[in-house]
Each structure stands twice: as structure tokens, then as C-alpha cells.
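Enquirer: Here is how the chains run, residue by residue.
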Amino acid sequence: MKSAVVQLPGLNRDRDMIAALTKISGIAPVTVWQTETDLPDVDLIVIPGGFSYGDYLRCGAIAARMPVMQAIKAKAEAGVKVLGVCNGFQILLEAGLLPGALMRNASLKFVCREVKLEVVNAETDFTRAYEKGQIIRCPVAHHDGNFFADAETLAAIEGNGQVVFRYAEGTNPNGSLNDIAGVMNAKGNVLGLMPHPENLIEAAHGGSDGRALFASVLDVIAA
Amino acid sequence: MIKARVTVTLKNGVLDPQGKAIEGALGSLGFDGVGGIRQGKVFDLELATADRAKAESDLKAMCEKLLANTVIENYTIALS
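Those protein sequences? They're chains A and B, same order as listed.
Going by the working numbering, the first residue of the first sequence is number 499, and it counts up by one from there.
Going by the working numbering, the first residue of the second sequence is number 263, and it counts up by one from there.
Hints were generated in silico from the structure; no laboratory data involved.
Possibly wrong hints are sitting among the right ones.
What the hints assert, rightly or not - List of simulated lysine-lysine pairs, DSBU-like, C-alpha gap at most 30 Å:
#	chain 1	residue 1	chain 2	residue 2
1	B	Lys322	A	Lys573
2	A	Lys607	B	Lys316
3	A	Lys685	B	Lys282
4	A	Lys571	B	Lys273
5	A	Lys630	A	Lys521
6	B	Lys327	A	Lys685
7	B	Lys316	B	Lys282
8	B	Lys303	B	Lys316
9	B	Lys303	A	Lys571
10	B	Lys322	A	Lys607
11	A	Lys573	B	Lys327
Next up, chain A with everything else stripped away, as it sits in the complex:
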């Protein structure tokens, strides 16, 4: 699997993402700077977490207007898989590649802890190595992860199977509507989630529940 990791000022989880992709796919991802518009030919583009542009205006708002995002939009339309984690999810929403918005956590506090996730849809290119309904462990670290969408959008994404991950009962850390932790686009090739699967891929992390997400993409691409 050939992958690319996007780098923007203020993103700080890029190294973790590069390490995870390298370990799981055996090939180091190429890195792409925010001003690049001619993207390499890859199977998967990942926007990692962090605090792009200091979260100014709204989380991900400035990053979403950088030249690289137009190029990513074009790649997504052409069917290339795109994954956004944490700030990467916020950027994908701000760029209009995913439905909804992420708001300040209901508690108003930054949450940094482990949660449990339910795999709601295991028939996506990002989750087929999981079982439907499987409960996995995953760390979260964010201040603005409170998923919101208007009633019509919410009904549409629930009905289309676009809700991919939900916080398991009792572990919603941020007040997200319907406990939504991760959503994909209608076409199924763009996924965003607040939790950090790249931080739970090997014994040294204390578990490897996040590994199957990357393994799913690998399998699909190898197939």
C-alpha cells in the first residue's frame, strides 16, 4: 500500500501516523506539505491529528482552505481513500468532504483518555478487518470532538451506514450526537474519526485494537 501523510503547521501527530503506516504496510508513507497541489500517486491519503494553525477561527478551518486540500478533494472524487484522524477529521469536515461539524466538548474540557468504540459498520474499506458490533479500545485526545449535524443530515448518514464508529455506551467523552465517533462519505472512500487508532497498534502501546483499521485498508488495496 502506498500512502501519503499530509503535513501542515501545527499538526503534531504526523510522526505517530507515519510510524503506524510504516510498521503495518512495510512501506514508509510519502509526506505532503500544505502548499503541494500535485499529489503523488498513492492508495491512501492520511490527514493526522494536531492543532493546525493553532485552531484559529475554528478547528481545521484554515487548514481546510490550503491548496493541498483542493488536490485531496480531487483525489477523493477519483476514488482515492482518505483518512482523517482528530484534527484531520475536523479538517475534512471544514473542507466539506464529510457531513456535519465538530464543536467544543460538552464538558468544555480537553479529554485525553481511552474510550471504547463500537464498530457500527464493518463493511467499509476501513473496517472490514473488524466484526460488526465489535467493541474496541481506542485513545482520544481532543477539545473539540462534539459531533453535530442537523436532523436531516443525521438521519441521512445513519440511514446510509455512514456512521462507522460510535462511542460505546457510557464512554461518550464529548457529547457527540448519537455517540458518533467516526463518519464516512456516501461513496465510502473518505473516513474521519476523533479517536487515534494509530496510537494503539502494538504491544508497546498496551494493545493493538487500532491495527485492524489500517489492515482493512491494506487488504482492500492488495485485493
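Since the structure of chain A is already known, use the hints to place chain B on it.
Expert: Then chain B, alone, in the frame of chain A:
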């Protein structure tokens, strides 16, 4: 030059936990009977044009493209 003010507010029905916290803090200062607080943003801009119609249409585009997230926010534009 035209000076403008853009006000961005949360749409009705969008929860505002910050507004709620501010409401609580006002209550603890003894300001009773304050409700419905919604936090928003104000942008003051200077536009290098004398064409008010163009300024207005540019500002609308700026709001749609960047200043507001129209999934959750409304905006108003005022020219001085």
C-alpha cells in the same frame, strides 16, 4: 475604503456549551434571570473599495467560504 462588521452566531438548535457556562458564571455573580446566552464572533474588516455592492457580495462570499461554518453558524453583514 469601506469598513464592515461581520457577526457570526450559532444557529438555533445547535447546543452552545460555552454559552451555558457563561450563563452559569453570570448567575454565580448574582445576575439572576439571565437566560439564552449564545456566544458568537465579530469580525471587523476594511475593504479597499468604494463600491458598496461589490463589498457586500465579497463579504457574503467570505462568510460562505471561511468566516462562518454554515453547518452550524449564521452570519450578518453590516457596512458602516
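Enquirer: Each hint needs a verdict: does it hold in this structure or not?
Expert: Here's how the hints hold up against the structure:
1. Using a Cα cut-off of 30 Å, the hinted pair B/Lys322 and A/Lys573 holds, with the two alpha carbons roughly 29 Å apart.
2. A threshold of 30 Å between alpha carbons decides the hint, and for A/Lys607 with B/Lys316 the separation of about 42 Å lies outside it, so the pair is violated.
3. With a CA separation close to 37 Å, the supplied pair A/Lys685 and B/Lys282 exceeds the 30 Å bound.
4. Between A/Lys571 and B/Lys273 the alpha-carbon distance is near 27 Å, which keeps this suggested pair within the 30 Å criterion.
5. Taking the CA atoms of A/Lys630 and A/Lys521, the gap is near 26 Å; set against the 30 Å cutoff, the hint holds.
6. With a CA separation close to 24 Å, the supplied pair B/Lys327 and A/Lys685 stays within the 30 Å bound.
7. Restraint check: the Cα-Cα separation between B/Lys316 and B/Lys282 comes to about 38 Å, which exceeds 30 Å; the hinted pair is violated.
8. Simply put, B/Lys303 and B/Lys316 have alpha-carbon atoms about 23 Å apart, close enough for the 30 Å limit, and the pair holds.
9. Proposed proximity of B/Lys303 and A/Lys571 is supported: the alpha carbons are some 28 Å apart, at most 30 Å.
10. With a C-alpha separation of about 33 Å, the suggested pair B/Lys322 and A/Lys607 falls outside the 30 Å cut-off, and the hint is violated.
11. A C-alpha spacing of about 21 Å is found between A/Lys573 and B/Lys327, which places the hinted pair at or below 30 Å, so the restraint holds.
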